[in-house]
Every structure is written in C-alpha cells, then in structure tokens.
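Could you slot chain B onto chain A? The hints should help.
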Amino acid sequence: MIASWRARTPLAVSVVLVLIPLLVAVFGPFVPLEAKPGLPYESGVRLGTDGLGRDVVQLLLVGGRTALGMAVGAVAIAYLVGGTIGLVAASTRHRWVDEVLIRPLDVLLPLPSLLVISVVAVGWRASPPAITLTVAMVNVPTVARLVRAAALDAASGPVVEALRMQRESWVAIQVGYVGRSVLGPVAADLGTRITLAVFLVASVNFLGLGLSPTAPDWAVSVSRNREGVLLQPWAVVAPALMLVAFTLGFNLLADRLVHRSRRTATEVVDR
Amino acid sequence: MRSYAAQRAALAVIQLAVLSILVFLLTALLPGDAADMRFTETLTPDQVARLRSQLGLDEPAIERFTHWFGNVLTGDLGTSLISGGSVADIVKASVGATLVLTLATLAVVVPLAVVLGLVMGTRENGRLDRVITSITLALSAIPDFVIAVVLITLFSLKLGWLPATWVGGDLPANPALLVLPVAVLLGRTVCLLSRQVRAGTINALNAEYVVQARRLGVPRRQLLLRHVLPNAAVPGVQELARTGDTLLGGVLVVEAIFAIPGFATALVDGVETRDVPVVQGLTLVLAVAALLINLAADLVCNRLVPRTELLR
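First to last, the sequence lines map onto chains A and B.
Heads up: the first sequence begins at 1124 in the working numbering, then just goes up one per residue.
Heads up: the second sequence begins at 32 in the working numbering, then just goes up one per residue.
Think of the hints as simulated: they come from the structure by calculation, not from any bench.
Don't take each hint at face value.
[Claimed, not checked] Short, incomplete list of chain B residues facing chain A, as computed with Cβ under 10 Å: (1) THR164; (2) VAL181; (3) THR184; (4) LEU188; (5) LYS189; (6) LEU190; (7) GLY191; (8) LEU193; (9) ALA287; (10) VAL299; (11) ALA321.
These numbers come from a predicted model, not from an experiment.
Ideal Cβ placement from N, Cα and C applies to all residues, glycine included.
Here chain A stands alone, though its shape is the one from the complex (with noise of 0.2 Å):
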C-alpha cells in the first residue's frame, strides 16, 4: 500500500526539485550570461526585470548563494555543534556530564526563534554570518537532543562493550559504530531541518531584517518585488518557485527516509 503510493511520486521527481535550485545556487554565479537591464518591471526579453530594472535571470543565477547558502551552512553548524553535544552526552560513563551538557538545552528550547534572529539580525545589520550563526545557535539544543537520543541505545549496547574490551579508542568507537548507527534518524532530520532553516533565513531575508534590501537574494527579491506583481509576475514567482522546489524537494526525500527508518525499526522488533 505504502510502496504504491510511493512508487506515483518517484525518488527521481524529489532529487530534480532539489537538485535544481541547488544547482543554480552553486554553480549560477559562474554562469558567462550577459545581463539585460531595463525599465522597472518591463516583460518581454526572458524573464523581464524586476523593479529596480534588473534582469530577472541573472538575479536568480545569483541569489541563491545567500538564500541556500546560510541556511545549509547553519544546519552543518548545528549539527557540528549540537551532534558532538549529543554524541557525547549519550556515550559517557558520568551521568553528571550528560546533565551539565543537556540539561542546559531544555532551558533553551522554548526561546522563540525567529524573535531571537530578528534580534540578532538587526543588530548586526546585514551580517551574512552573524544569522548563520543564530540560525544555527537556535537549532543546536534540538539536534543534540536527537543526537542524543539515537545514539543512547547504540552507545549501551554490547557492541559497545565487545570494542572496549578490545581496547579500541573512544573516538573510533565513537566515529565507526555510534556514530554509523545515529546516520538513520539524522538523514530524516536533515531533510525538515533544512527546510526549516531554509525558511528562517527566508523569513528574516523578507523581513528587511537581514540582507541589504537590494540584495539578489531570493527571499528579497520575492519580498521587493511584490508591489509589481501583476505587473511583472516573474520577478517575485521566480525566485518563489526556486525556494518552494527546493524545500518541497527535501520535504519529500525527509517523508521517504522516515518511512523508511520505520520500517527497519519495525523489522527489527519483529525479529
């Protein structure tokens, strides 16, 4: 039943939406195009101008580094951060160390993200790094936790034991079976997770609050552009579609991997 309904949106439909703004995102701002200014929401050549008269192609080839950029750079952060937290505190032999390092967290859990980047972010007004960083800051208490969690059943196991007993090093116990068997629930996470930072980033970019508003960014340009959009539609729907693609993408290949995971799981408890 569940293959059926999987097998109508195949693997492929998902890594294409990905794939797409990932790929103008890395690779568009090498692309030799020769950009068509013009009037200010003028149609017509490709896909028009937007309301500062810029060629809506080029500012898509180029707005994307911002726009996916903070976001997967966040969640790398995070997960640097907040997985070393969690792989530790699971893996330790002290219980007060698992406290120090988890307990500090919780409090942090229920601080409003976006109230804590909106902050951050006009502060340090335009500070492509300084909302990485938050962005990634605000993510850290949840990622240990699920870091945390994943890893405490293989960190207790006799496997576990069996390698100590071989005198095997803490950090290839760690890296080579802890770590491995945390990589299920992670991958599923990453797929939210992005789409969720993704959506931080593009909110605070929207919000006028973090970028300059002449930025080429894609949550900027849909954000400028939205008085002219009967006028000139492209300019906003454009970058929107690029966004939306990428975040449906990752929605998709996130709903697959859990599937999946359950399964297994599952597969396992019958055995």
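For chain B alone, kept in the frame of chain A given last:
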C-alpha cells in the same frame, strides 16, 4: 500527578531565571546604544556622553542587570529610552493585535487538525489519507510569506474581496481583516499538527487495549473518542507547544506583511532605535508566554496519559 506538576513547575522557574539573563545579555550585546542611534548626527560627542549618563547607559552591565532584574521581579519593566513611556504600556498596546491573531488561528487550527488527523489515521493509506497527506506535505513546504503573497495577489489585488493591509482598518468593525492573516498562519501549523495526530491515531489504533476494546464490541464512536483520541492527542499537544514557535515566527512575518500594529512591529522598532528596555520587555513577555505554553502542554499531556516522563 501532583509531584510531576511540582517538578515541572520548578524546571519552569529555573528556565525563567536563565531566560531573563539571556534576554538581558542578548540586548546588552547589541552594537551601539540608544544615545548613539539617535544623536550622533546632531549632537557633539560631549553631549552624547552626558545623555548616556543621564539614561544610565554608562553603568557597568552587572549593575544595570541587577537593577533591571530587581524591577522585573516587582513587575516594573522600566521606561522606554525613546518615548519615555512605560514599557508595560507599550507591551499592552501591542499585545492585543498579536493575541487576537494567535487565538483566532488556534481556534481554527486545533479542531481542523484533530479532525483531519483522525480522518487520516483511521483510514491509514486509504485514498483519502493519501490525498490529504500529499496536500499537507506540499503545503508545509511553502514558506509563509510566499503563501501570503499568493493570497494577497489573488483575493486582494485580483478579486478585491479582502483587505490586503490593516492600515486604516479597525478590527471590531471589520472582521474581514483577520481572514487573510489567519489563512496564511493556518497553512503550516495545520500540516504539522494533523500529521502528528495522524501518527498518534495510528499508534493508538494498533495498541493492544484498543484491539481488546474492539474485541469486546465497544461502539466505534466511543472507541475513537474515549480510547483513541486522548492517546492520539499526546503527540499533537506536544507538537502544538513546538508549533507555538512556528506560529510565533509566522505571526512576525504576517504582522510585517499586513502592517499589523502588534508585537513584531514594536519589537523591530525597539531594536532599530536600540530602545533596550522596550526590547527586553517585549522579548521577556514573549519568552515567558512560550515557557508557559510549554509548561501547559506538558501538564496536559501528563493529564491525558499520566506516564509522560519529565522532559527526557
């Protein structure tokens, strides 16, 4: 139940203390202060320095914090550095619109998500479940502001049915103002919540006690409402607390798009003018609200299914 509530409340008190320190630090770290922001162009450095000492901005951070924290404990949030009015008044003036918006959204979201979740969960992998799942999955991948732009373009600009902004509008006289903002906020929250209710329903339906109740011939309606729903609601209620975060983020975006004079507007103004007491007051009130929602959600879950562990 009683001891769980006490433990959970104690955790909330600690959280509150730490949050207030964080709020203070975050705002104290902002580059530049109110004196810088307002007067560098018109005043001499000497005058700025005098203004700073008049506003108490030249004291060490520790002293400012103890002063502020002591006042907060007595319910005094301080006075605005810009307008000179009390922060409590500014909070009161801006809370109304945000509260109305949030409550109106929740009033639609909760019943809708429960019904959709039950419908999907009871027909697991049936045609209806697949259709609703596809729609919610797709909808939850669209950023709030894109939905807002699409809805405004369609219903305000093209069709002219609904107002696109709150400017010049009056809420009690014109409830239509609420329609588009609530519709924007609805999208993602309903998706997230209904999927949790769906998962909870499927788990509960497969649980042994439900199978047994079925075997005993408990009528379907009673089975769903009495046995399945309370258990299915647990992930939903926990998700609702987390959705609070999504919802709040959405409210900030929606307030900016529809020019709603609420919390977000006041907050952004405050940060831009480095009106630190206002930012601290607003952030603290929001953080406390988020904390209370989390606390309430945990207590409700514990009431529904009295075996939820303390936060881990």
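(message) Check the structure against each numbered hint from earlier and tell me which ones fail, lowest number first.
(response) Violated: hints 6, 7, 8.
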